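Colleague: Next come the chains, spelled out residue by residue.
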Amino acid sequence: MSKDKPVFSRASSGLVREISPHQAFIYNFMAIGFYGFTWATLFSVGYTGAFLGANIGLAIVLMAISAVPFYLSTAMLASAMPRAGGDYVWQSRTLHPALAFASTFSAWTVWQWYFASFLGTVIFTLGLQPLFALLGMQTGNASYQTIAADLAIGYSQYDNNYVFLATTLVIILGFAVAALGIKFYVRLQYLLFAGSGISAFTVLGVLASTSHSQFISRFNAFMTPLITSTNATQATVVANAGGYYNYIISTAALSSPSFSLWATFLLFGIIWISFGYAFWSIYNLSEIKRAGNLSSQSFMQVGSSLSFAFFLLALWYLIQNVIGIDFLRSFFTLYANFDPSTNPLAFFYTPYYPALVASISSSPLIWGIILVGLTFGLFQVILIVYFASTRIMLASSIDRVLPEKISYVNDRTHSPLVALIISAIGCEAFLYLIVYQYTFTSYFSTAGLATQIAYILISVTAIVFPFRKKDIFEASPASKYKLGSLPILSIVGFLSLIVNLFIAYIFIFGPPLGFLSVYSASSIEFVIGIFVACLLIYFIAYGVRKGQKIDLTLSFKEVPPE
Amino acid sequence: MASTRLLFATDVHGSDPVWQKFVKGGQFYKADVLILGGDITGKNVVSVTENSDGTFSANFQGQKHDFKNKSDVMNFDKIVRRTGSYLYVASKSELDELAQNKEKADQIFTDLILQRLKEWIDYADKFATTPIYVNAGNDDDAGVDPIIAASSKVTQPEEKVVLVDSKHEMISAGFANITPWHCPRDYTEEEIAKRLDRKISLLKDPHSSIFNFHCPPVNSGLDTCPKLDASVYPPRPIMSGGGVVLFGAGSTSVREAIEREQPMLGLHGHIHESKNISRIGRTVCINPGSEYGEGVLRGVLVNIDDQKGYRSYQFVSG
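The listed protein sequences derive, respectively, from chains X and R. Residue numbering for the first sequence is 17 to 578, as defined by the numbering used here. Residue numbering for the second sequence is 13 to 330, as defined by the numbering used here.
Looking at chain X on its own, in the form it has when it is part of the complex (with noise of 0.2 Å):
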C-alpha cells in the first residue's frame, strides 16, 4: 500500500477511466494520420491550376486558426458531457435523435466505408507500386518490375483487376485485425504507428539533409537512363533541356500566378479531410481520465491538432524549399492530364510526394522506410475506420434503432463480429464500385460533404447547449467562459459553423480536391441521400419498436432530477 492514500478512502470496486489526457491526444494526433492520401493531394494538387496562387504553408496555418473554435467546440461539449458515444450522444440530447442518428451513422459509418476502400486502393498505387517499381528500376528483377506495371495500370485502380484483389485481401485483414480484438489491434496499433511515423520523418530527413540544387542533380541523374531506356528522342530533348527537372518546367510553360487568398481559402477542403478528426478521442469519453477537465480537453483535441499542424508546416517548408514550387506546379499539371499523347511525363509510378523523395535516394532501405511506411500509415487509417464505424453500429443497436444482432459481441475477442462483418461487406461494396463502376464514383465526388453534415451538426450543438441543455452546461467547466452574458461555447460554436458551412460550400462549389476528381452536380443529391435513408431507418426503426413497446424517444431523453 501507497503512503499517498488519501485522508478518506474505503474499499470499493470500479474502475473506469483508464486513457490518460496524454495517451487521447496521441490518439488524435494519429486519427488526423501521418499518412492519407490528403497530405499526398495538398502537395500536388495544390500547386496546381484549379487553386491558382495558393500559398499551401498560409492555407495550414489558417486551417489550424480556423480549425480552434471547433475543437474548442468539441473540448467544451466534451467536458460538460464526458461520455461514451462523442456527438451522437450530444446531438441526439440536444438536437433530436433522429438528427443524431443520420449524421454519424452516415458520416462516421456509412462515407468511412468508402475512405476506407479508397485508401485500400491507395495503399497499392501510392506505396507498393513505386516500391516495386523502384526495386525493379535497381534491381533489374523481372518480378518486381511485372508487379509494378500490373498495379500501375493506366495509372490508376480503374479496371485494374490486381488492386481490386489486393485492395479486397487488405479489406479482409483489417476485419481479421479488427475481430481478433481491441488488445491485438492495441499491439498492431504502435506497430503501424511507429512505421508510419518513422516514414513521415525519414522523409523529413531526407528533405531536410538535401539542398535544392542536390534535389535536381539527382532526380536528374535518377530519370535520365529511364527516359534513354524508354524513348532516345525524348531523351536528346531532356538533355538540351538541362535535364528532365528544367524539361518538366519548360514543357509545362507556365506563368508565375500572383498570390490569391480566395485560392488559398480553398484549399480548406482539402486539409480539412484529415485535418479535422484530432476530436476523435470524444468516442472514448467515457474512459478517459479528467475527462470533465477542460483544460485536458483543450490539451487532446485544441493541442493535438496545432501539433500537427506545425509537422505539417515543416513538411510544406521543406517540400517548397527543397523540390521548389514551379516544379511542382508544373509537374502535377502535366500529370494531371491524362492524354498520354501530350503528356510528357516518363514517370513509371504515381509521382506523388512520398515516391518521389524516395526517389532522389538510392538506398533501396529508404525507398523501403518511406513507402512500406507510408502503407502502415494506410492501413492503419482502414483499421480505425473499422473501429469507430463499429461503435456506432454497436450503440445505435443497443439504442435499439438497429437490430439487435449487430451488438453481438464475441465472448473470446470482445469484438463486435455481425457489425465487424457488414463493415467488410460495406468496404467491399465500395471497392467494387470504385475500381469497376467508376462512373458511378461521379456520386462520391462530394464525399467530404458527408462529413461536413455532422460538423455543422456539432457546432450547432455547441451554439444551443448552453441554452437547451442549461443545468448540464451550468454544471460544467465551459460555464465559466462567458462574454457578457453570452456563454463562449456558443461563440465558438458560431465561429465554428461558419467555417464549416464555408467547407461545405467548397465541397459543393469549389475545385475538383484531386481524389474526388470525377465532379458530378448529382453527388451533392447521393450525399443528401445517403443522409436523408439514414433519417427513414430512424423512422422505421421508431415504428418498429413502438409495435414492440419500446418508445425510441425514451433512449435520449433525461429525467428532470427536481
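If you are wondering where the hints come from, they were derived from the structure by calculation, not from laboratory data. A few of these clues could be false.
Unchecked claim - In silico DSS-like pairs for lysine-lysine, Cα to Cα no more than 27 Å straight-line:
#1 LYS320(R) to LYS421(X)
#2 LYS165(R) to LYS179(R)
#3 LYS486(X) to LYS179(R)
To be verified - Covered stretches of chain X (chain R as the covering partner; in silico rule of three or more C-beta atoms under 8 Å from a C-beta of chain R):
#4 86-99
#5 415-425
Quick caveat: nothing in here was measured; it's all calculated off a predicted structure. We put the CB at the ideal spot given by N, CA and C, even for glycine.
Since chain X is already given, all that's left is putting chain R on it; use the hints.
Modeller: Coordinates of chain R only, in the frame set by chain X:
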C-alpha cells in the same frame, strides 16, 4: 394480456441526481416496478479546508478550488453530490489529524454515507409512485440495510423472494466474487454458489423468475473490464503489448446458476463500463452499466408479459 415494465438501474454510488432520476423514472418511463441492483453508496470524500481568513479551499478532480465563503462551498457541494462524492469541511489541523487517525476518518466517512442514504430514502418515500426494490452491492456496508428496511416505499429484496407482477418471482444478491479491493460483500465462488443455491431453492418456478444478481456471469460480455494489479494501491490496470489487458471479471457461480436454472431474466451491474445484453441459453442477461459520476442515470426498461414472459428491452440514459 397484461404486461409489466421494469426499470432496472445499478451502481448509482452516491450520486444525488442519479438517485432522484431513478425514483422519478417510474413516472417518466411509465415503469411499473423500479429495481436498483446495488452499490448505492459513494466512494469518495472531498475534504474542504477552512482557512484562517474565513476562505475555503479544496482539491477536486485534479483541480484546486478556492471559495470566498460558506455560500460558495454550499454551491460546490451540489457539484460534489452530483459526482457521488461527499463533502467534509474542516480546519487544516483537523484534516491533518484525520490523516493520522484512520479509525476516526472511517467513522466520518460512514456517517456521511448513511446520512445521504437516509436523505435518499426520505426522498423516495415522498416522491415514489411505484414499488421500489433496492438491494445493496458488494461495495455497500451492512449499515445500509436497516436504513432501507425502515422505508415505507423501498423494499430490500436481498433475503426474500418478491413478485414483480402476478406471476414472475425475483431473487436478489448483492454480493460479488473477490475483487482487488476486498469489499464488504466480496465472497469466494464457493460461498456465492452456496448462497445462490439457497435463494434459488425458495423459488416456485426458477424458469420464469428474475435473477437480480449484482455480479454478472463470467465471460458474458457484461463483465469485461481491465485486469488489475492488486499489489499496488490503488490497483492499476495490467498493460501488455502497449494495451490494457481486458478480461471477464464476472462470477463463475452466477454463470453456473443461470446455465443450470435458465431463468427468464438476469439483471446485473458491478462492471460499470460493460453495458450490454447477452443471452445464456434462453436467459436474457442485461447490464445497463453506470455513469453515476456524470449524474447520468443509465438504466434498462424491460417489458414482460404476464403469460409469455420477457418481451423486449430498451436501454435508457437519462
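Colleague: Determine for every hint whether it applies to the structure shown.
Modeller: Status of each hint after checking the structure:
1. For the given pair, LYS320(R) sits about 22 Å from LYS421(X) by alpha-carbon distance, which is consistent with the 27 Å threshold.
2. A C-alpha spacing of about 21 Å is found between LYS165(R) and LYS179(R), which places the hinted pair at or below 27 Å, so the restraint holds.
3. Note on LYS486(X) and LYS179(R): the hinted pairing is violated, with a Cα-Cα distance of about 44 Å set against a maximum of 27 Å.
4. Counting residues of the region 86-99 of chain X whose C-beta sits closer than 8 Å to any C-beta of chain R gives 3, which meets the bar of three, so the coverage hint holds.
5. Note: the region 415-425 of chain X has 5 residues with beta-carbon separation from chain R under 8 Å; the three-residue rule is met and the coverage holds.
When the structure is compared with the earlier hints, a violation turns up for hint 3 alone.
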